[in-house]
Amino acid sequence: MLTRLGAAGEGYVAPSLGAFLFDPWVHWTSFGHEFYINKVIGLLFFGCLAVGAFFLLAFRNPKVVPGPLQNVAESFYDFIRNGIGRDVIGPEGVKYAPYLTILFFFVLIMNLYGILPVAQVPVTSRIAFPAFLAAMSWVIFNYVGIRRKGLGPYFKEIAFPPGVPKAVYVLLTPIELVSTLLVRPFSLAVRLFANMFAGHILLLVFATATVYLLNAPNFSKIFALVSFPMAVILTGFELLVEVLQAYIFTILTAVYISGALAEEH
Amino acid sequence: MSAQPTGSPSSEANAGWAVFGTLLAGLLVWGGVGYLLGRWLDVAALFPIGLLLGAAAATYSVYVRYGRSS
Amino acid sequence: MMVLAAPVSGSLGSIGYGLAAIGPGIGIGLIFAAYVSGVARQPESRGTLQPIALLGFALAEALALFGLVMPFVFGK
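Protein chains in written order, with the numbering used here: chain A, 1 to 265; chain B, 1001 to 1070; chain C, 2001 to 2076.
Any given hint might turn out to be false.
Which residues of chain B face chain C? A few of them, derived with a C-beta cut under 8 Å, are [said to hold, decoys possible]:
id, residue
1, W1017
2, G1038
3, D1042
4, T1059
5, V1064
Which stretches of chain B does chain A cover? Using the computed rule of at least three CB atoms under 8 Å from a CB of chain A, they are [claimed, not checked]:
id, stretch
6, 1022-1029
7, 1045-1058
Just so you know, the hints here were simulated from the structure itself, not pulled from any lab data. Glycine is no exception: its CB is placed at the ideal position from the N, C-alpha and C atoms.
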């Protein structure tokens, strides 16, 4: 009586939320709160140090004729400054290029942990990190807009699209406010989180399925020949997704800043 | 925001996400109002009515912000 | 008797949303495909085509979002 498809022995256990929970390395209690340091936090600290150290070393002693490290860092910075800062925000976007550069490389390394050996978990697949980065983008674009236009005109521009009969504003204003002030940061955070989360689950499914199939007692072993190449191909696909998501997160932050700066027409 | 840099290659994608956000917000706001009113007044039909109203208002908002060729 | 497939359990709403997302997915693909080829042939028509493409996208996307919320309306 075979009741479940593919049930052999104890059965294949699909990866679940447990794959994102790690045992704490250290934990302590202070100020009435419990603090944990686990693999994710360790990777976060290491990523911060790596990005910070790279740019500090590269620009510590800048020269007119750059050395190899400064050369690489400058081409990275140019890519963000011209490709995102100037093209999306305009001439004054150069002012925001340092933040956008650091944001891009921070998100990039947090994403790339997903396929780096040893690390093997994207830090951004825990919602707290994308949520905090999105909150920072939210604070920045609102601050920039309020400073440029003043509190009243800024919210007037968000809430009241021009050229609409007065009575319709009852319907439109709540939608406009919610879409700019709530849906925007939410979708920014969830887009990054969901891509990393789903991608990591996808890799885990094919990797664990390969191991499971290789240990299968019968001819099912040959199906490992399917799942193993899929795991390799999807690793390459994940590399693409991780770079793309870091880029999209940065470019959307720039778009929101440019929207807050742009004059009503 | 109405001002999208129409020259940059990614402006359609940005506008697309903004359209998506507006539609989602329309359904959330007026669907939510309909749901709460429906629970309060015990009229089950208010939730779908609110959703339809929200979708219509959001589509109109998209037309106002992005649909009129400037 | 040998039952080969596992019984369907879990949320039917998510299956319904998966089915409901097919149509708008194809529709949005068609809209932007036509837009891309239009702009590629005549780059100066971009300003005219963009509002039309975005309106078409909004209408198709509204259907997908309806599919997303319908399980909440009729579900238990």
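How the hints compare with the structure:
Interface restraint check: W1017/B against chain C, minimum CB-CB distance 11 Å, threshold 8 Å, status violated. This hint is violated: G1038/B has a C-beta 10 Å from the nearest C-beta of chain C, more than the 8 Å allowed. Given the 8 Å rule on beta carbons, the hint for D1042/B is violated: about 16 Å separates it from the nearest Cβ of chain C. Taking 8 Å as the C-beta contact cut-off toward chain C, the hint placing T1059/B at the interface holds, the least distance being around 6 Å.
At about 11 Å, the closest approach between the beta carbon of V1064/B and any beta carbon in chain C exceeds 8 Å, and the interface hint on this residue is violated. Residues of the stretch 1022-1029 of chain B with a Cβ under 8 Å from some Cβ of chain A number 6, which satisfies the need for three, so the listed coverage holds. Only residues whose C-beta sits within less than 8 Å of a C-beta in chain A count toward coverage, and the stretch 1045-1058 of chain B has 4 of them, enough to reach three; the restraint holds.
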